[in-house]
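Engineer: What follows is each chain in one-letter form.
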Amino acid sequence: MDTSSPAQPLLVYGYGNPGRQDDGLGVRLVEELEAWAHKQGMRGVVFDSNYQLNAEDALAVASSREVIFVDAAVEGVEPFEFRRLVPGRQISFSTHAMPPESILALAEELYNATPPAWLLAVRGYAWEVQEPISPQARSNLDAAFHFLCDWLLGSGNTAEDKR
Amino acid sequence: MTRKIVIDPVTRVEGHGKVTIHLDAGGNVAQSRLHIVEFRGFERFVQGRPYWEAPVLVQRLCGICPVSHLLAAAKAMDVVVGAGTGDGLPPTAEKMRRLMHYGQIFQSHSLHFFYLASPDLLLGHESDPATRNVVGVALTHRELAVQAINMRKYGQEVIAATAGKKIHGTGAIPGGVNKCLTEAERDALLHGPAPLNADQMVTWAQGAVDFFKNYYRKNKEFVDGFSQFPSNHLSLVRADGGMDLYHGVLRGVDADGKRILDDVDPQDYLEHFREEVKPWSYMKFPYLRALGPEKGWYRVGPLARLNTAEFIPTPLAQAEFEEFKAVTRGKPNNMCLHTHWARLIEVLHAAESMRELLQDPDILGGELQVKGRRRAEGVGLLEAPRGTLFHHYRVGDDDLIEMANLIVSTTNNNEPMNRAVNCVARALLTGVKEITEGMLNAIEVAIRAYDPCLSCATHAYGQMPLDVTLLDAAGAVVSHRRKPGR
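Listed in order, the protein sequences are those of chains W and A. To convert, note that position 88 of the first sequence is 85 in the working numbering; the numbers rise steadily by one, no gaps. To convert, note that position 272 of the second sequence is 1244 in the working numbering; the numbers rise steadily by one, no gaps.
Chain A on its own, in the form it takes in the complex (with noise of 0.2 Å):
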């Protein structure tokens, strides 16, 4: 009997989601999809609204990640004031939003690995899923969780302190930023009494390196074989290579480290990337136009990051990439788990790079805001905790938008989600009698490593169940299984 096996929602992502996985009368794995309700509606939500209220606006797009959001829709403003393209702000402005920046990367990439990840980890992914959770990290690893709260909290105060609220912030404006950081406030995040301070973050960073790497040595098999297989890659880098989440040119590197695409100004990205749509998902399916949606799909995020960028700019991370790489030989690192790795590596630089902006005067006083020659187009390009975040706005004369598109990075990752998911039911599900809860997370495991935002869903209390269910090939449910949202 052919199966069909339904998983939803997807557990521990943001938003909803849907894995459907068609075993054939022979128990094979026949297909399997991630199945993505997405909310489209925010593109059309801020049409006809002033241009300036875009970067508070499209915080609503989002709770997880506002921020992310936040710069990359003033990073397009910029460029409709004419502020220039992502490099023409005032040292104090660009710092203020670097700092805004890194303390969003440090406290996302903390809340995965930590809260979402480690539970599997450090659990096992066929544990009881009953205590597989944050909850069940504290009973076993009170001090983990204890560091993991504190890193979360610190990066929380830096976009308080930088954007102005934890929500809706206004900090990041067009053409620049509207506040700088007092004394007191570089102060208190810079040599706060322990252990919420720059120092005591850098060094629990490179314990969480270690961590994983410790992890690593101990399942190298598992790590390195779960889920892997050969990808392109994309992000955003500085124009000498380094990484820089913050700004640069687009590079893409393929699954054998050869460029796909060359150093792209992100104002002519139009040029280069396509979506596709697919009649099954709701979420387009993104490619590189020169080589065509069979081939020109990638991967984005800390892996892919890891994998375009030639350097890190800051020592400590460095010193860890270097020793990312040289599992690969320098080759591109094509292995999902070693998503995680690539996260925590970009946590270490995330910590160095706050504590360094923390020390630069430039962060209390100067200019903070530029304008000139009024444009009615801008593009504006971050690297989101979960890869590259597409912003695009078309202004009329009016002042008001006319167009608004949005590539999230969730929806970059759409593809590699679905062959992370295919990768692991073949593996796992092929010619088993029985699908155990265990196997079932295991291929949430996978989408896990992507960290993915479907969205941000409306969270009311008596949401979010699990529902799993078995269906024939005729469609008839022969089994089904909910867990209660709460």
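Looking at chain W on its own, in the form it has when it is part of the complex (with noise of 0.2 Å):
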């Protein structure tokens, strides 16, 4: 959803297969996201979300002047961890799917656009063929959608890494 028609809007893709527990939780929180700026009638921000990553949305990164992936983290900082990333040539190889810093390598490439992106990566622990988020997965999910509210609203948009 684009609340506003801006040139270059923010974009916050959230990715993951929502029928595999923890792994949906890039897209629930995007969801749920959307759901909050909506209601808070947020302007310049898109929020979309796939099941992966794949070179196609390139062209998106390319027209954002600034980019949120949200994933869900096998291991890691619990939790959340959101860092900033940087285009990744050296993919020594891929699945169907791709890592971020290679659709920001191909943005850069293809498009020339080399906008500023960070990895929201919120720490999941179930990975079975059910729906439910796992409960800690949750919490987790909960603390980081609070996190990206305030940057949404400028509070943390100086920030380049956040833990």
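If you are wondering where the hints come from, they were derived from the structure by calculation, not from laboratory data. Quick caveat: nothing in here was measured; it's all calculated off a predicted structure. Take the hints with a grain of salt, since some may be wrong.
[To be verified] Listed below are the simulated DSS-like cross-link pairs for lysine-lysine, each with C-alpha atoms no more than 25 Å apart in a straight line:
{"id": "1", "chain 1": "A", "residue 1": "Lys1267", "chain 2": "A", "residue 2": "Lys1192"}
{"id": "2", "chain 1": "A", "residue 1": "Lys1303", "chain 2": "A", "residue 2": "Lys1190"}
{"id": "3", "chain 1": "W", "residue 1": "Lys36", "chain 2": "A", "residue 2": "Lys1192"}
{"id": "4", "chain 1": "A", "residue 1": "Lys1297", "chain 2": "A", "residue 2": "Lys990"}
{"id": "5", "chain 1": "W", "residue 1": "Lys36", "chain 2": "A", "residue 2": "Lys1138"}
{"id": "6", "chain 1": "A", "residue 1": "Lys990", "chain 2": "A", "residue 2": "Lys1190"}
[What the hints assert, rightly or not] Footprint (simulated), chain A over chain W, 3 or more residues, beta carbon under 8 Å:
{"id": "7", "segment": "15 to 21"}
{"id": "8", "segment": "48 to 59"}
{"id": "9", "segment": "98 to 110"}
[As the list claims (entries may be wrong)] Anything over 10 Å on all C-beta distances counts as not near chain W; from chain A, calculated:
{"id": "10", "residue": "Val1001"}
{"id": "11", "residue": "Gly1056"}
{"id": "12", "residue": "Asp1228"}
{"id": "13", "residue": "Asp1234"}
The beta carbon of each residue, even a glycine, is placed where N, CA and C say it ideally should be.
Reassemble the complex: the two chains are provided individually, in unrelated frames, and hints are given to aid placement.
Structural biologist: Written out as structure tokens, the structure is:
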């Protein structure tokens, strides 16, 4: 949803499979964030989600002033990690999906676009073919949600690395 | 010393696979196997759920080809709700589904060729693995990469317009569809601003076929000889023998073109198919019952479809089909890398079909759903991008699913992929003193030609490493190499 029509919106992009429990953290968070932003009447923010990232997402990245990718994390920091991404040309291999660094590299190579980009990696714990997010991951999602709300309202816009 | 080489997981295929190659004391390939860690819990997961939920539920199986599962489940449930066996839907419903399906074929095939296969072809399968990927293609073939992105995006927009949304689409329902296109949606897809319109997609699809033919002319010996082996071929075809990726009868031909499965109604598939279990793989090995497991295995997918079909019912793809068939003088084509050629001809067919459907007024309105006498069982078959996809459900009087059986395209290609691995391993690894990364990748090239989708693994950040392990006869690790997943 584009809550306004700015030429260069901020893109919040969640990815994962909601049918695989915590793998859907990114998609769920973006859904909830979009609903919140709509109520806030927020302008200049575009929300999108998909099962995984792929090369065509370079097009959306290239037309954004700033990008926040939201994904589930199998390991790492609890409740979430928020860190700056840089284009990664050295992907040693890929599957049908691509890591966000490679999407940034494609946007740079193909469209000469280098918007600042961050990854919000929300820690998950369960990955079976079930829909409910695990209770602990739900708690992590809530923490990440409040963090991103603050970010979008402007309080975190100057921070590049946060935990 | 006998050595065992392990590639785990196979890169640039969906999910996880592992290849083991056993070398004997003389350095000859003694045995090779493709092990698949396939997720089999899904069939149990849908048991006990209302039948009308199945088309949405099955999309959880795979984030790569959810539309194929959506449509196959919907087709099976058409039978359950008494809407016929695939050919009884109202014109609007069937055409909307076909448009959705061709959008899926178009974007999936474009993804496979340009992103997954072309790095090997354009950059060479022995080139630096650090750049042998889509980013490497972008660096060296910028125009092609941009074109591929737009083709993929167009296909996804067709899916979004027909399925309703990108994740867990709801467009296909038991007995029909729940939406048709608005004029605005139709106009955007048909005549939208360049490059995202139907004419441009047909032009680019033609260019993609030309691209491969040009590559083929320069590399004929390699393309023809790489992993060539005789096999049976299986797909749906139209009743008149024409290619039909959405609905038809099951036809099988052997390596010489002799009919081994004669236009069988998909509802009767259980009478003709069996699945063999082998102790070293989680994935079953389907075969034709009449021929048994040794002789009854078959290939599915683009190459098989061009081998079983007598013609393609769109003019530009038909012209390419005739050129393709001329290479083998009309006989079945058993050359592994010709699968890419076949795949691109299907891209062209999909582009033509989408344009044709978008010009049809039926997609703008009409009856969306029909129902008839309720039945207890339904089978839905579809030619998914990777090959024939089987969905079979039994539904109780309480409307809950009692049984589900899915045979996915990659399972159908299990034996051919194993043969392909063995073919390349014997050609490249016999008698060599050192196994190079390029040699190992060549094995993956053979697997990737089948575009295997090893069920949708969770992709969460931090996964997908590549492990290469060398073990001796006693199982001790001789060497191990690991590529980071990110």
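Engineer: Work down the list of hints and note, for each, if the structure agrees.
Structural biologist: Comparing the hints with the structure gives:
| no. | hint | result |
| --- | --- | --- |
| 1 | A/Lys1267 / A/Lys1192 | violated, 30 Å |
| 2 | A/Lys1303 / A/Lys1190 | holds, 23 Å |
| 3 | W/Lys36 / A/Lys1192 | violated, 61 Å |
| 4 | A/Lys1297 / A/Lys990 | violated, 34 Å |
| 5 | W/Lys36 / A/Lys1138 | holds, 23 Å |
| 6 | A/Lys990 / A/Lys1190 | violated, 32 Å |
| 7 | 15 to 21 | holds (count 5) |
| 8 | 48 to 59 | holds (count 7) |
| 9 | 98 to 110 | holds (count 6) |
| 10 | Val1001 | holds, 24 Å |
| 11 | Gly1056 | holds, 29 Å |
| 12 | Asp1228 | holds, 35 Å |
| 13 | Asp1234 | holds, 35 Å |
Violated hints, listed in ascending order, are 1, 3, 4, 6; each of the other numbered hints is respected by the structure.
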